[in-house]
Every structure is written in C-alpha cells, then in structure tokens.
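In order, the protein sequences belong to chains F and H. Note that our numbering has the first sequence beginning at 68, numbered continuously upward. Note that our numbering has the second sequence beginning at 3, numbered continuously upward.
Check the hints yourself; a few may be wrong.
Examples of chain F residues lying across from chain H (beta carbon under 10 Å, computed) [claimed, not checked]:
hint : residue
1    : 73
2    : 87
3    : 101
4    : 110
5    : 111
6    : 114
7    : 116
8    : 217
9    : 237
10   : 238
11   : 253
12   : 265
Below, computed lysine to aspartate or glutamate pairings styled on EDC-like, alpha-carbon distance capped at 20 Å [claimed, not checked]:
hint : chain 1 : residue 1 : chain 2 : residue 2
13   : H       : 8         : H       : 203
14   : F       : 161       : F       : 140
15   : H       : 145       : F       : 212
16   : F       : 112       : F       : 212
17   : H       : 145       : F       : 262
18   : F       : 206       : F       : 270
Keep in mind the hints are simulated off the structure, nothing from the lab. Here a beta-carbon is modelled for each residue, glycine too, at the ideal position from N, C-alpha and C.
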Amino acid sequence: MSRPMLTAAALGLCSCQACGLVSRPADIHETARCPRCNARVSIRKPDSIRRCWALVIAAYILYLPANLLTIMETGSLIDYRQDTIMSGVVHLWKSGSWGISAIVFIASIVVPLFKLMALTFLLVTVQLRTTWWPVQRAKLYRMVELVGRWSMLDIYVVTILAALVQMSSLATVRAGSGAIAFGSVVVLTMFAAMEFDPRLIWDPLRKESDI
Amino acid sequence: MNVDPKPLVACRECDLILREIELLPGGIACCRCCGAHLYRNSPDSLDRTLALVLTASMLLIIANVYPILGIEIQGVRNATNLYGAVCALWDQNMRSISLVVFITTILIPVIELSMMLYLLLPLRMRRVPAGVPLILRILQCIKPWGMVEVFMLGVLVSLVKLAGSASVIPGAALWSFGGLTLILAAVAASFNSRDIWAHLEIKSGGEELR
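Build the full structure now, drawing on both the sequences and the hints.
As structure tokens, then:
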C-alpha cells in the first residue's frame, strides 16, 4: 500500500459493470451510458443498499414459510408423508444415505441461512462505514455470489420426483406450497447479492486515506 | 500525457484504477488491493470456445429430448424428460416453480448457447455479426441464472431417494446432462468477452480511455 490507491470514483470515472470499459461520463448525475456497450453506467450501483435491504427483508419473511410448510408430499399404498426441508434431510439421514443427506442439508439449510446472514452483515458494516477487515468482507461477498445458486437443489429434486412418481394408485409425489416460498427465497437472495455493490466495502477506507 | 499506451482498468469489486499489463498465456490479472480477478489471457479462446459450444449444443439437445430417469414399481413404468417434468409441475398448480425450473434449466442454457454460436461462428469466419454489444450484455446478465450443474446434482439426489423404493432406469439424458455440466464449465472458463471486444476494436478502431 505504498503507492497511492486511486479509485475510478475519485477520478470521476465510471467502469461499466457489463463490459468493464472505463469511461468518463459527460454528466455524473444524468443516466450515463457506456460508450462501448451502451449499458447504463454509474459510479456506484444506484440505491444499492436500499434495494439490497428490501430483497433481503423479503427473503427473511419468506424464509419462515419456506422452512415450515411442506415442500413435498409422498403418498403410497403403505404410507403418506409430508416433508418439510428439514424433515426430508432427517428422513434421508435415517434411511442411511448420509452423504446425500449432508449435501441436501448444506444446500438447502446452511447456504440460504449463510447467505441471509452474510448479506445482512455486509449491509450493516457498509452502512456503519467500518474499515474492519475489508479483504475478508470482500471474500465473504464472493462466497455469497458463488454458493447462492446451489440452494436450488431441493427445487429440482421435487420437480424430478413429482414428475416421475405418478403411479396413480401405487405411489405419487406432489410438490408442496413450501416449494414456492423456498424457491422465492433463493431467487430473492440471488437478486439481493447482485444488487449489493462490493465497492461500498472499500469506500470508507479510501476516504480516510485520501485526506 | 499519453506516454503509456496501456488502457486503464477498474477493479469491479473495489473500484481501484490500474493500468493493464501484458499477461502470459493462461495468466490472470488480479487486483492489487482486494485480489479480485480483473481479466485473463486465454490463448485461442475463440476456437476452443466455439468447439466447446458446439459440443454443448448437441448435448443440450440430447439432454432435452430423451428421458432423464425412469422408474419401475411392481411392473408399472414411468419415465420423464426435463420438459415433461416442467409440465408435470405446471399441472400440479406449481406454476411459479415450474417457470423457475423451465427458465434456469432449459431457457437460459438454450439462449446462452445460441447467442454464443451467433457471436463465435461469424467471428471465426472473420465477420462481425450485428448487435455484438447487446448480446455480450445479455450473456453477462443471464449467466448467473443458468443452473445445469445444480440440476445435475438434483438428478443424482433424486436417484438416491428413489433407489430405496423403486428400480431406477437411468435414461440417455442423464449421461448427456453429466457431459453438459462439464462442457458448460469449460465454456465458462474459456469464453472471454475481452477477446471479443478486442476483436471489435481492431475492426472498428474504437477509442479507449488511456
């Protein structure tokens, strides 16, 4: 950190989030466009914190029905069961498929919770303008972006089982309403992660060093 | 002022302004401040990506036409392909979920691969197709929503769930989905939109901020 660390924002430059071109917008306050790919450019993603909070809060609200409502109903001649996400994991564990049960547990329980907590933590620290551990927080954000998609696992499992197990009298599987809430949580948190602007993590540090 | 001809690059994650450096083939430039990847130098990325995209397109067709899994319980058989699964969910009044599955596993991969073909085939023949900037933007925007690899894991989990209570018959699409997962990962690793922009700039002699 011996050389001066200049940011695009400090130089009045915009970097295009779509194609990466660095350009000097004619007027910062107008909606500027990237000269190369014509995407909207701005110094920071507009309203990043507010939009991200809105999506995260919506995801928190849906997180409850996603985990409490049934995600899958299984009916056969001998038994009928309604599974929530957690009871599905427990059922897999008890039936001896420990590896798969661990994968489903991580993808459907750990990852969504981790994403919500991590985004909340990032939002709060950015709003407090803390200068702690920027590298670690940047890594946390990268991880949130990387793992988010894997939560869709349970939705796909329900889709395949519901389509396949349609043996009228012998066995049927139906998707439960919990699946809708769960799918919404995954989609909302993915949008939230996209709205969050990781450059906000670094801004408080730059402001201090500029003075 | 214009002594150094190298263009500027801004880190997407921390906004640091850096001057581009030459990379060795296969090298990746990282941000000095936060360590994010800035850009990479992938030699012959155009040819390799085109070959991979063609392979992936064929696998995608097979994966969507043939059944993924079949089951047999007491002599009763049932098999489904991906579109059938989407329709089954739609009929169960799970329309939003069915749409999400359709978009993430069928629509996005189809759009992604056809747009890449539209870009790469003419470029390979030294022509520039119309609307490149728009297509690169769309590709960038839809990338996170293609989830073939997650779907593949979902198929494997369902296979294990079913194995206890029914005899499972793996279909042709199961193998092509496996292949597609690998090839799409390779496409993502080799497709480099920077190369395409570079191609366009050589062609049109566009200006860049230096």
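Against the structure, the hints come out as follows:
{"no.": "1", "hint": "73", "in the structure": "holds, 5 Å"}
{"no.": "2", "hint": "87", "in the structure": "holds, 7 Å"}
{"no.": "3", "hint": "101", "in the structure": "holds, 9 Å"}
{"no.": "4", "hint": "110", "in the structure": "holds, 8 Å"}
{"no.": "5", "hint": "111", "in the structure": "holds, 8 Å"}
{"no.": "6", "hint": "114", "in the structure": "violated, 17 Å"}
{"no.": "7", "hint": "116", "in the structure": "violated, 16 Å"}
{"no.": "8", "hint": "217", "in the structure": "holds, 6 Å"}
{"no.": "9", "hint": "237", "in the structure": "holds, 5 Å"}
{"no.": "10", "hint": "238", "in the structure": "holds, 6 Å"}
{"no.": "11", "hint": "253", "in the structure": "holds, 9 Å"}
{"no.": "12", "hint": "265", "in the structure": "holds, 4 Å"}
{"no.": "13", "hint": "H:8 with H:203", "in the structure": "holds, 14 Å"}
{"no.": "14", "hint": "F:161 with F:140", "in the structure": "holds, 18 Å"}
{"no.": "15", "hint": "H:145 with F:212", "in the structure": "holds, 12 Å"}
{"no.": "16", "hint": "F:112 with F:212", "in the structure": "holds, 16 Å"}
{"no.": "17", "hint": "H:145 with F:262", "in the structure": "holds, 15 Å"}
{"no.": "18", "hint": "F:206 with F:270", "in the structure": "holds, 16 Å"}
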